[in-house]
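Q: Given chain A, work out where chain B should sit, using these hints.
In order, the protein sequence lines correspond to chains A and B. Using the numbering used here, read the first sequence as starting at 1 and increasing by one per residue. Using the numbering used here, read the second sequence as starting at 1 and increasing by one per residue.
Among these hints, one or two may not hold up.
Take a look, some chain A residues computed to stay more than 12 angstroms from chain B by CB distance [what the hints assert, rightly or not]:
# : residue
1 : 30
2 : 36
3 : 37
4 : 61
5 : 63
6 : 66
7 : 69
8 : 91
Computed from the model, here is a short list of chain A residues facing chain B with C-beta under 7 angstroms [said to hold, decoys possible]:
#  : residue
9  : 31
10 : 88
11 : 89
12 : 92
13 : 93
14 : 95
15 : 96
16 : 98
17 : 100
18 : 103
19 : 106
20 : 107
For the record, the hints were derived by calculation from the structure and aren't laboratory data. These figures come from a predicted structure and were not determined experimentally. For glycine and all other residues, C-beta sits at the position ideal for the given N, C-alpha and C.
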Amino acid sequence: MRTQADDELWSAIADPSRRRVLDLLINNGEVSASWLAGRVPFSRQAVSKHLVVLEEAGLISRRKQGREVVYQVEGDRLDQATRAMAGLAAQWDRRLAAIKRLAEAAHAEARKERGSKPRGIGGDGGEG
Amino acid sequence: MADLTIEREVVIEAPAEVVWRTLTEPDQMSLWFADRVELVVEPGARGYMQFGDQGGPVVVETVDPPTRFSFRWNHPRGEEPVAGNSMLVEFTLTPERDERTRLRVTESGHELRAWPEAEKQRYADEHRSGWGEFLDRLTGVLPEGRPG
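In isolation and in its complexed conformation, chain A is listed as follows (with noise of 0.2 angstroms):
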């Protein structure tokens, strides 16, 4: 189960715009929103509000360069989002490792009580 910082998270890079603005500024470094609008398939208001979400996740930060406002990545943080994903893919292979393990022990139980491997049904050549 995710905790409620790991949900910011979540929906934070879950949005492929907000990814595609956060490669943006991986790829970039510090540049302005509108340096950003100029480079997605959406409007400068939709930039804005990806911005702000993804600076409360705490994914991105900004600061005045001159009379700019420019963003940049908080790569700790990224870090950490990244880690938590690839821990979700690692958690569903260890739960159907899980799942395989007792359906393969439930079933050579069933046939343990049967008596004798099932014949016709799958075959007991087909090995492999």
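A: Relative to the frame of chain A, chain B by itself:
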């Protein structure tokens, strides 16, 4: 469609009916999934899963024995779980020869709901990369970000 999906599968040496029972019977679920499972596996049923000292509600979506089972979870407290505010977990069981079953699980969050259709399509056409590729890229750019 570009969205966040985790997809995993395993081949099990047991018929789909056996895998189905392991997958959906609450006392079995508590062996492979949560520490405590309160759930009736019926479409629309609401349940609860406890993991250590944390827990959360789940809502069953599809029950089609012995091939499909899905539920939603991780929706905000007090809200109805729908596409957009929750994660959908879908299990698909495919019988294979010699009493084997291929079990596939996907966990997905479709967050494109706020977009006009045309923009969605355009975005999907331009960016076919899913979550997995994004993850690969992230681990590529973050020297210490390799998942353990």
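Q: Each hint should be assessed against the structure and marked as holding or not.
A: Here is what the structure says about each hint:
1. 30: Per Cβ check, residue 30/A is outside 12 angstroms of chain B; nearest 15 angstroms; holds.
2. 36: 15 angstroms, holds
3. 37: Nearest chain B Cβ is 14 angstroms from residue 37/A, so the label holds.
4. 61: 16 angstroms, holds
5. 63: 21 angstroms, holds
6. 66: 27 angstroms, holds
7. 69: For residue 69/A, whose nearest Cβ neighbour in chain B is about 23 angstroms away, the distance exceeds 12 angstroms, so it holds.
8. 91: It is violated; residue 91/A is separated from chain B by about 9 angstroms at its closest Cβ, not greater than 12 angstroms.
9. 31: 16 angstroms, violated
10. 88: 6 angstroms, holds
11. 89: 5 angstroms, holds
12. 92: At about 4 angstroms, which falls below the 7 angstroms cut-off, the nearest Cβ of chain B leaves the hint on residue 92/A intact, so it holds.
13. 93: 6 angstroms, holds
14. 95: 5 angstroms, holds
15. 96: Holds, because the Cβ-Cβ distance from residue 96/A to chain B comes to roughly 4 angstroms (cut-off 7 angstroms).
16. 98: Since chain B brings a Cβ to about 4 angstroms from residue 98/A, closer than 7 angstroms, the hint holds.
17. 100: 5 angstroms, holds
18. 103: Holds. Min distance 4 angstroms.
19. 106: Holds - the Cβ of residue 106/A comes within 7 angstroms of chain B, reaching about 5 angstroms at its closest.
20. 107: 4 angstroms, holds
Consistency with the previously given hints fails for numbers 8 and 9, ordered from lowest to highest.
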